[in-house]
Amino acid sequence: MTRDGTLASLLGALTTAVAVSAILFVVGPASAHKTPVSREQLKSYEDAFMDAVKKGDLLFHGDAATAKTMGVNLSNSGMACAMCHPHAADTHPHTYPKFQAQIGKFSTLRDMVNWCIEKPMQGEQIEADSEAMRDLEAYIYWSNTGSVLTPGKY
Amino acid sequence: MSDLERQRREIAAALQRPGVSPDPNLRLTRRMFFHKSCLFGAATVGQTFAWWPLINTIDVAYAAEESFKFAWISDTHLYPRSVNTRFVEKVVRAAKDVQSMSPPADFLIFGGDIAQLGKPEELELGVELLKEVKIKKVFIPGEHDWYLDMGKKWGQLFGQPNWTFDHKGVRFIGLDTVSRGPDYWTARKMSPEERMDHMAVLDGSVAGPWAGVGRDQLDWMEKILAGWDPSRPIVIFSHNPLYEYYPPWNFWVRDWREVQAVLKPFSNVTNIHGHVHQVLYNEIGNMRSIGMLATSWPWPYAPEGVPKLTKPMIRVDPGDIYDGVGWEKLTMNRDKIETEYVMWGRKEVFVQSAEDSSLSTPEVLRPRIADQLGPYEGSKP
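Protein sequences appear in the order of chains A and B.
Residue numbering for the first sequence follows this note's numbering, starting at 1 and increasing by one per position.
Residue numbering for the second sequence follows this note's numbering, starting at 155 and increasing by one per position.
Pulled out of the complex, with its shape left as it was, chain A reads as follows:
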């Protein structure tokens, strides 16, 4: 390594260090999770989750008002997710991702949710990253809180 090269790498390291310090100084340690979490923060995190769970529960049980508010049409057959999956039973979120026989390929829970919306419920598929999908996913996972992860299981 030449003398110039050493200098260049030293300068590079210095620049990086300055940049990191600047981020810490400007944004503050809270964002970097360097202070203990407060009760208020915990509550707000939990509320964010439980709000999604509650909306997901309503969508999952065919609540028309919630579907309307969120601009989704999950079913045109009078069926709701919960009619085959009471308490989200037999959704088996803990087995995803896996090869899903109905879809014929390696799939995520979101893929299967959309398959159910389209086939048995005759509704309109939703974006994989939409709020409705996140809420449905939140409810299904929350319902299965005690289930043990077995990804890939048939």
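Calculated from the structure, these hints are not laboratory results.
This one's a predicted model, so the numbers in the text were calculated from it and none came from an experiment.
Each hint should be verified, as a subset may be incorrect.
[Unchecked claim] Simulated pairs of lysine-lysine, DSS-like, Cα-Cα distance not exceeding 27 Å:
#1 B:Lys462 / A:Lys153
#2 A:Lys153 / B:Lys501
#3 B:Lys290 / B:Lys483
#4 A:Lys119 / B:Lys501
#5 A:Lys68 / B:Lys273
#6 A:Lys119 / A:Lys68
[Unchecked claim] Pulled a few chain A residues facing chain B out of the computed Cβ check, cut under 8 Å:
#7 Gly78
#8 Ala82
#9 His85
#10 Asn144
#11 Thr145
#12 Thr150
[Stated by the list, open to error] Here are the computed distance ranges between Cβ atoms for each label pair:
#13 B:Gly362 / A:Ala128: 35 to 43 Å
#14 A:Gly146 / B:Gly362: 22 to 30 Å
#15 B:Asp260 / A:Gly71: 49 to 57 Å
#16 A:Glu118 / B:Glu492: 33 to 41 Å
#17 A:Thr145 / B:Gly473: 49 to 57 Å
#18 B:Val518 / A:Leu42: 22 to 30 Å
#19 A:Tyr45 / B:Glu376: 54 to 62 Å
#20 A:Gln125 / B:Ser221: 36 to 44 Å
#21 A:Thr145 / B:Thr485: 24 to 32 Å
#22 B:Glu347 / A:Phe99: 36 to 44 Å
#23 B:Gly313 / A:Gln125: 42 to 50 Å
#24 B:Phe319 / A:Ala128: 53 to 61 Å
Glycine residues also receive a C-beta, built at the ideal position from the N, C-alpha and C atoms.
Place chain B on chain A using the hints.
Chain B alone, transformed into the frame defined by chain A:
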């Protein structure tokens, strides 16, 4: 007798004392079962599944006068045609199947939940579709038929919800297990539609433990069974199972112990029930219980409490509207009842291996959060 078979018999004997609820510590959990399966290896699993069909054939010691067949259809959950035609198609198919039985069935029992939301048009649609069946028809109600107008329309169409008749040496009893739910609507000022909506959600937390026989109906049962020879066959039709399987989905009647007490003197009792939308078999005291399929859709097995005597039905394909659903042919032979599940599009109704069963993927579930009402309900998830 193999070790596994001996263990199963011991556990079954310990669990099946009449009127005694099994101690949870005694339960053979699925985890234990699969643990044992792993220990004993695949051969044992094969053996176990081979052993089960024997108990799906029911021996009745005191015979019916002659052998005969009857048919069961239930849980059609009809919406108006404009909402769902698939459910209609399946009732049409079941009715045609029953009518074309040869030799014909002596009668059809419809086991409840003809309608989805109890609407007059739904109940009338059911009557219209079942006109295809020309043999004698008897009806018992389901909760979906009842809670819009508290059974008014159902009563106009089908009459008394509980009844009894004797046929070829067998006493048949139809029970009403749905109309005695606790009043969850008056204090909350619900409209009839809201009351019905809560009742129509199987995993709802609002309608509570609505399934029950009731003291008055138990007294009626005692009365109509008073002169019956204790060793002669009795067949009881009910919408809900007459034992405790999974109360959170009302897969029970809350007063099943009292039902057992009434039936205690009788040695040949068979309960045939709907509501669970799945293959189910159990023995409690002197009573055998057989669960029937729906025509509408299958329910999954509950996460716990599936009777150990049940040989589970095969995991179905949700992409096929005729899979996991159907109707039943029941044959009362001189000395036994045989159940033939007519699951459309399936030759094998029962699991053939652990992987064929949804029970091979254990799950732990929690009750709903979003429908909990009132100041003391739902304050904590």
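Here's how the hints hold up against the structure:
Simply put, lysine 462 of chain B and lysine 153 of chain A have alpha-carbon atoms about 24 Å apart, close enough for the 27 Å limit, and the pair holds. For the hint pairing lysine 153 of chain A with lysine 501 of chain B, the CA-to-CA distance comes to about 25 Å; that is within 27 Å, so the pair holds. At most 27 Å may separate the alpha-carbon atoms for a hinted pair to count; lysine 290 of chain B and lysine 483 of chain B meet this at roughly 15 Å. With a C-alpha separation of about 24 Å, the suggested pair lysine 119 of chain A and lysine 501 of chain B falls inside the 27 Å cut-off, and the hint holds.
Taken as a hint, the lysine 68 of chain A and lysine 273 of chain B pair is honoured in the structure, with Cα atoms around 24 Å apart against an allowance of 27 Å. As the CA atoms of lysine 119 of chain A and lysine 68 of chain A are separated by approximately 21 Å, the hinted pair is consistent with the 27 Å bound. For glycine 78 of chain A, the interface hint holds, the least distance from its beta-carbon to any beta-carbon of chain B being 5 Å, beneath 8 Å. With a least beta-carbon distance of about 6 Å to chain B, the hint placing alanine 82 of chain A at the interface is held under the 8 Å criterion.
With a cut of 8 Å, the hint placing histidine 85 of chain A at the interface with chain B holds, because the nearest CB-to-CB distance is about 7 Å. At about 6 Å, the closest approach between the beta carbon of asparagine 144 of chain A and any beta carbon in chain B falls short of 8 Å, and the interface hint on this residue holds. Because the beta carbon of threonine 145 of chain A sits about 6 Å from the nearest beta carbon in chain B, less than 8 Å, this interface hint is met. A hinted interface residue such as threonine 150 of chain A counts as satisfied when its beta carbon comes closer than 8 Å to some beta carbon of chain B; here the least separation is about 7 Å, so the hint holds.
For glycine 362 of chain B and alanine 128 of chain A, the Cβ-Cβ distance of about 38 Å falls inside the hinted range of 35 to 43 Å, so the restraint holds. About 23 Å separates the C-beta atoms of glycine 146 of chain A and glycine 362 of chain B, a value consistent with the hinted range of 22 to 30 Å. Roughly 54 Å separates the CB atoms of aspartate 260 of chain B and glycine 71 of chain A, a value that falls within the hinted 49 to 57 Å. Checking the proposed 33 to 41 Å range against glutamate 118 of chain A and glutamate 492 of chain B shows it holds: the Cβ atoms sit about 40 Å from each other.
Evaluation of the 49 to 57 Å hint for threonine 145 of chain A and glycine 473 of chain B yields a failure: the beta carbon distance comes to about 29 Å. Remark: the range hint 22 to 30 Å for valine 518 of chain B to leucine 42 of chain A is upheld by a beta-carbon distance near 24 Å. Taking 54 to 62 Å as the suggested C-beta distance range, the pair tyrosine 45 of chain A and glutamate 376 of chain B conforms, at roughly 58 Å. The hinted range of 36 to 44 Å is not satisfied by glutamine 125 of chain A and serine 221 of chain B, whose Cβ atoms lie roughly 52 Å apart.
At about 45 Å, the beta-carbon gap between threonine 145 of chain A and threonine 485 of chain B misses the expected band of 24 to 32 Å. The supplied range of 36 to 44 Å is met by glutamate 347 of chain B and phenylalanine 99 of chain A, whose beta-carbon atoms lie about 43 Å from each other. Distance hint check for glycine 313 of chain B and glutamine 125 of chain A: the Cβ-Cβ separation is about 46 Å, which falls inside the suggested range of 42 to 50 Å. The given range of 53 to 61 Å is respected by phenylalanine 319 of chain B and alanine 128 of chain A, whose C-beta atoms sit roughly 57 Å from each other.
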